[in-house]
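J.: Here the protein sequences come in this chain order: A, B, C and D.
Counting along the first sequence from 1, when you hit position 132 you're at 134 in the numbering used here, and nothing is skipped either side.
Counting along the second sequence from 1, when you hit position 152 you're at 154 in the numbering used here, and nothing is skipped either side.
Counting along the third sequence from 1, when you hit position 197 you're at 199 in the numbering used here, and nothing is skipped either side.
Counting along the fourth sequence from 1, when you hit position 146 you're at 148 in the numbering used here, and nothing is skipped either side.
Careful: at least some of the hints might be erroneous.
One copy or two, it doesn't matter: identical chains are merged, so the pair holds either way.
In silico SDA-like pairs for lysine to any residue, Cα to Cα no more than 25 Å straight-line [claimed, not checked]: (1) Lys144 to Pro58; (2) Lys234 to Leu33; (3) Lys131 to Ala46; (4) Lys144 to Val181; (5) Lys44 to Glu73; (6) Lys144 to Pro47.
Calculated directly from the structure, the hints in this document are not laboratory data.
Number of protein chains: 4
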Amino acid sequence: MIDLPYRSALIIGAGSGISGSLTRLLRAADLPVVVAARNIDKLAPLVEQTGALALPVDAAEAAQVERLFAETEARIGAPEIVIYNASGRLRGPLAELDPEAVERAVAVSALGAFYTVQQAAKRMVPAGKGAILLTGATAGVKGFALSAPFAMGKFALRGLAQSAARELAPQGIHVAHIVVDGSVRAEHRADPPQQPDSTLDPDAIAQCYLDLLRQHRSAWSWELEVRPWVEKF
Amino acid sequence: MIDLPYRSALIIGAGSGISGSLTRLLRAADLPVVVAARNIDKLAPLVEQTGALALPVDAAEAAQVERLFAETEARIGAPEIVIYNASGRLRGPLAELDPEAVERAVAVSALGAFYTVQQAAKRMVPAGKGAILLTGATAGVKGFALSAPFAMGKFALRGLAQSAARELAPQGIHVAHIVVDGSVRAEHRADPPQQPDSTLDPDAIAQCYLDLLRQHRSAWSWELEVRPWVEKF
Amino acid sequence: MIDLPYRSALIIGAGSGISGSLTRLLRAADLPVVVAARNIDKLAPLVEQTGALALPVDAAEAAQVERLFAETEARIGAPEIVIYNASGRLRGPLAELDPEAVERAVAVSALGAFYTVQQAAKRMVPAGKGAILLTGATAGVKGFALSAPFAMGKFALRGLAQSAARELAPQGIHVAHIVVDGSVRAEHRADPPQQPDSTLDPDAIAQCYLDLLRQHRSAWSWELEVRPWVEKF
Amino acid sequence: MIDLPYRSALIIGAGSGISGSLTRLLRAADLPVVVAARNIDKLAPLVEQTGALALPVDAAEAAQVERLFAETEARIGAPEIVIYNASGRLRGPLAELDPEAVERAVAVSALGAFYTVQQAAKRMVPAGKGAILLTGATAGVKGFALSAPFAMGKFALRGLAQSAARELAPQGIHVAHIVVDGSVRAEHRADPPQQPDSTLDPDAIAQCYLDLLRQHRSAWSWELEVRPWVEKF
Numbered sequence: 003m004i005d006l007p008y009r010s011a012l013i014i015g016a017g018s019g020i021s022g023s024l025t026r027l028l029r030a031a032d033l034p035v036v037v038a039a040r041n042i043d044k045l046a047p048l049v050e051q052t053g054a055l056a057l058p059v060d061a062a063e064a065a066q067v068e069r070l071f072a073e074t075e076a077r078i079g080a081p082e083i084v085i086y087n088a089s090g091r092l093r094g095p096l097a098e099l100d101p102e103a104v105e106r107a108v109a110v111s112a113l114g115a116f117y118t119v120q121q122a123a124k125r126m127v128p129a130g131k132g133a134i135l136l137t138g139a140t141a142g143v144k145g146f147a148l149s150a151p152f153a154m155g156k157f158a159l160r161g162l163a164q165s166a167a168r169e170l171a172p173q174g175i176h177v178a179h180i181v182v183d184g185s186v187r188a189e190h191r192a193d194p195p196q197q198p199d200s201t202l203d204p205d206a207i208a209q210c211y212l213d214l215l216r217q218h219r220s221a222w223s224w225e226l227e228v229r230p231w232v233e234k235f
Numbered sequence: 003m004i005d006l007p008y009r010s011a012l013i014i015g016a017g018s019g020i021s022g023s024l025t026r027l028l029r030a031a032d033l034p035v036v037v038a039a040r041n042i043d044k045l046a047p048l049v050e051q052t053g054a055l056a057l058p059v060d061a062a063e064a065a066q067v068e069r070l071f072a073e074t075e076a077r078i079g080a081p082e083i084v085i086y087n088a089s090g091r092l093r094g095p096l097a098e099l100d101p102e103a104v105e106r107a108v109a110v111s112a113l114g115a116f117y118t119v120q121q122a123a124k125r126m127v128p129a130g131k132g133a134i135l136l137t138g139a140t141a142g143v144k145g146f147a148l149s150a151p152f153a154m155g156k157f158a159l160r161g162l163a164q165s166a167a168r169e170l171a172p173q174g175i176h177v178a179h180i181v182v183d184g185s186v187r188a189e190h191r192a193d194p195p196q197q198p199d200s201t202l203d204p205d206a207i208a209q210c211y212l213d214l215l216r217q218h219r220s221a222w223s224w225e226l227e228v229r230p231w232v233e234k235f
Numbered sequence: 003m004i005d006l007p008y009r010s011a012l013i014i015g016a017g018s019g020i021s022g023s024l025t026r027l028l029r030a031a032d033l034p035v036v037v038a039a040r041n042i043d044k045l046a047p048l049v050e051q052t053g054a055l056a057l058p059v060d061a062a063e064a065a066q067v068e069r070l071f072a073e074t075e076a077r078i079g080a081p082e083i084v085i086y087n088a089s090g091r092l093r094g095p096l097a098e099l100d101p102e103a104v105e106r107a108v109a110v111s112a113l114g115a116f117y118t119v120q121q122a123a124k125r126m127v128p129a130g131k132g133a134i135l136l137t138g139a140t141a142g143v144k145g146f147a148l149s150a151p152f153a154m155g156k157f158a159l160r161g162l163a164q165s166a167a168r169e170l171a172p173q174g175i176h177v178a179h180i181v182v183d184g185s186v187r188a189e190h191r192a193d194p195p196q197q198p199d200s201t202l203d204p205d206a207i208a209q210c211y212l213d214l215l216r217q218h219r220s221a222w223s224w225e226l227e228v229r230p231w232v233e234k235f
Numbered sequence: 003m004i005d006l007p008y009r010s011a012l013i014i015g016a017g018s019g020i021s022g023s024l025t026r027l028l029r030a031a032d033l034p035v036v037v038a039a040r041n042i043d044k045l046a047p048l049v050e051q052t053g054a055l056a057l058p059v060d061a062a063e064a065a066q067v068e069r070l071f072a073e074t075e076a077r078i079g080a081p082e083i084v085i086y087n088a089s090g091r092l093r094g095p096l097a098e099l100d101p102e103a104v105e106r107a108v109a110v111s112a113l114g115a116f117y118t119v120q121q122a123a124k125r126m127v128p129a130g131k132g133a134i135l136l137t138g139a140t141a142g143v144k145g146f147a148l149s150a151p152f153a154m155g156k157f158a159l160r161g162l163a164q165s166a167a168r169e170l171a172p173q174g175i176h177v178a179h180i181v182v183d184g185s186v187r188a189e190h191r192a193d194p195p196q197q198p199d200s201t202l203d204p205d206a207i208a209q210c211y212l213d214l215l216r217q218h219r220s221a222w223s224w225e226l227e228v229r230p231w232v233e234k235f
């Protein structure tokens with residue numbers, strides 16, 4: 003069994019392949035896990051498969067994030083691992099984007115992450131322990147054309163991650179930003195690992211998150227970029 | 003007289019040293035200039051000195067930015083130079099920041115810039131011409147501790163700038179992000195330029211903006227970093 | 003026992019804490035390991051402790067690197083893991099540095115890495131498999147004052163790593179650049195892992211190298227930055 | 003006439019479009035200019051056109067660079083502007099490159115720049131004044147496949163530039179690295195500036211160098227990236 007230095011986990015923005023794989027891996031390590039999403043109906047299969055607890059949240063709302071942490075704490079204790087995995091994506095020419103949708107996209111990608119980091123910090127700083135993992139994207143290091151709102155949100159997330167790492171690492175809290183570069187396969191892979199995979203396997207990504215969680219604090223990474231072997235960069 | 007390939011200018015977030023210097027330089031080049039800020043009372047001396055036109059705007063509100071552009075267009079024509087110079091700054095430990103103030107800070111630094119870029123793009127794309135300059139900060143490339151909201155806003159601004167440059171440059175519109183690294187002197191300098199200046203002279207910064215505006219489009223810069231000679235970096 | 007997808011390893015620039023820890027970890031995974039350095043006398047304790055094979059090399063000499071690979075191949079087979087860990091460090095004001103010493107420093111940090119990557123590529127490309135890990139430093143992403151030769155060498159190493167990753171990853175070869183930010187403890191740690199470590203533990207770094215070696219190729223990292231939790235960055 | 007705060011210039015690696023344009027601009031500002039290259043025969047037209055002085059140098063040889071500066075000093079005084087414009091480019095798969103050619107390429111791109119910066123520093127530091135401009139390339143910030151030697155040289159050049167800027171700026175010496183992203187037109191442009199230019203105009207680039215030279219030292223840039231409006235990045 004994987005040995006992790008943390009005892010409980012909260013995953014926000016659950017539902018995607020990465021969150022599912024993370025839930026399975028963390029449950030396999032015998033940690034209680036809360037998975038949170040706007041629509042928790044879609045989490046039913048994951049909950050059934052892993053015994054994780056699903057809670058609803060609109061991460062773009064500070065008050066809802068606060069309640070989620072309180073509820074999580076009541077159910078599994080203050081989460082020692084917090085993973086933010088929500089994104090607001092919006093494409094189109096600058097002149098044609100809807101301002102309200104842009105505001106919402108930035109709120110989901112970045113403000114929700116801030117509310118999450120804040121609630122995590124409130125609990126982890128007194129404990130002197132914890133890990134916060136923020137799921138980024140290539141859009142956070144390279145602003146592509148026709149994708150300004152996603153670039154804004156993911157750049158902001160990276161700025162938050164860097165600032166939080168600088169503030170919290172000396173207090174014993176590991177903050178890391180993972181740059182996922184490429185498409186993530188929607189489903190757990192069926193093919194054997196020897197197969198050439200041209201898209202990111204969510205299990206493989208989740209394993210990288212676990213590697214980060216197991217880093218000794220004398221050698222912490224604040225950022226990790228992962229991409230398929232065949233991906234152009 | 004300085005010869006610029008543009009005929010009108012709109013500066014948002016006016017009031018700081020940089021905006022004042024820019025207004026003077028652009029007026030000296032005989033361009034009509036609109037300066038916009040939340041509180042235009044403080045712009046009275048600049049207006050009197052330069053003959054610029056002051057208009058009120060809360061840049062964090064999309065509708066107000068839209069009205070500002072319409073009013074500017076009615077008064078001096080569609081602005082061919084648009085400069086965004088507003089920032090939302092907020093300091094403190096992550097656990098203690100007020101979520102609403104964080105949201106506001108990110109809105110001023112980044113969403114206001116988006117609304118501005120959008121309104122500019124709507125006018126510049128059909129014209130196939132224009133320049134958009136976005137005033138950034140070191141916080142946009144390095145997320146400092148205890149300054150997460152400013153990092154989020156300025157990182158997001160840089161992501162917007164990069165995305166907008168990639169979309170708009172091939173349409174003949176020059177988008178540039180200026181990284182101002184260091185303190186800007188509040189006042190126009192009195193000492194001669196030969197004096198060692200340990201803080202950024204707003205006139206010197208404004209000159210760099212003009213250099214960008216005069217770049218030939220076969221050699222455009224999308225980013226420029228400026229700092230005092232004695233500044234650590 | 004750790005399960006690695008590679009069967010043999012060559013470590014160049016051995017002798018430092020990182021190389022020692024890597025040798026122990028790879029030997030513990032039952033891989034044959036060659037450790038190479040200019041002066042192999044100092045490797046005697048490591049050889050005795052681990053059963054690794056020590057071979058002499060001046061990595062700045064292309065012909066010696068070529069011979070090292072041939073000898074390694076003859077002794078343990080073509081190395082499937084190749085790690086370059088040599089550096090040329092030189093400090094001083096630009097005006098006072100000795101040009102020959104600068105040339106030598108760049109040769110050790112960067113040209114030696116090129117010769118190594120080249121010999122590795124010659125063997126790994128036909129096999130469609132292998133891993134090349136290059137040990138960098140903060141000096142490879144930030145050029146500090148009074149340290150130009152080290153900056154030149156480590157920047158060049160990073161450029162090599164990035165170019166090699168782009169060329170070789172699609173051929174099934176994992177190239178990664180590890181940015182070691184901070185002082186590495188000279189000795190294997192005696193204190194338990196729970197102790198606050200303010201300098202990089204070589205065992206902790208070596209574990210990160212192993213994590214990279216075990217990444218599934220659908221989620222490879224080409225760069226990893228590690229620093230102690232208390233390190234300023 | 004352009005007013006520059008420097009009185010003499012040395013351009014190394016002359017012959018390309020950028021060096022020719024720079025020579026013309028600096029001569030138009032009435033500065034004495036030395037242009038240096040391995041083969042000065044090809045500089046004859048430029049010398050005739052501008053009255054610059056041509057001197058031979060193999061920049062990869064420290065002793066030759068030293069002699070070049072001594073000769074320049076004897077002829078036009080210690081150069082207050084020094085521009086390094088030489089590159090060693092080499093393409094091919096890692097496994098097929100000739101090690102000696104790689105060494106030579108890195109020496110031309112990076113070691114020659116070091117020798118140049120060193121000779122410049124020896125003269126500028128006592129004077130407390132001067133400007134050193136180093137011509138980089140996209141290869142200095144992104145290591146492309148099949149181009150490792152060029153990436154190594156240009157990354158090293160960028161590390162040198164950053165280190166030199168950190169050391170020399172507080173001593174009153176402006177060091178800047180120009181990232182030229184795209185193909186440079188070989189000839190001075192004949193078409194009017196209004197023409198859409200899809201490749202970098204050397205006159206336009208040279209103007210950016212002059213803008214850097216004229217920056218007030220309270221707002222210096224250590225790096226400038228230039229690319230054509232239509233260039234992908």
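J.: Each hint needs a verdict: does it hold in this structure or not?
T.: So, going through the hints one by one against the coordinates:
no.: 1; hint: Lys144 to Pro58; in the structure: neither (32 Å within a copy, 34 Å between copies)
no.: 2; hint: Lys234 to Leu33; in the structure: neither (36 Å within a copy, 32 Å between copies)
no.: 3; hint: Lys131 to Ala46; in the structure: neither (31 Å within a copy, 40 Å between copies)
no.: 4; hint: Lys144 to Val181; in the structure: both (11 Å within a copy, 17 Å between copies)
no.: 5; hint: Lys44 to Glu73; in the structure: within (20 Å within a copy, 48 Å between copies)
no.: 6; hint: Lys144 to Pro47; in the structure: neither (35 Å within a copy, 41 Å between copies)
In terms of the numbered hints stated before, the structure departs from hints 1, 2, 3 and 6, listed from lowest to highest.
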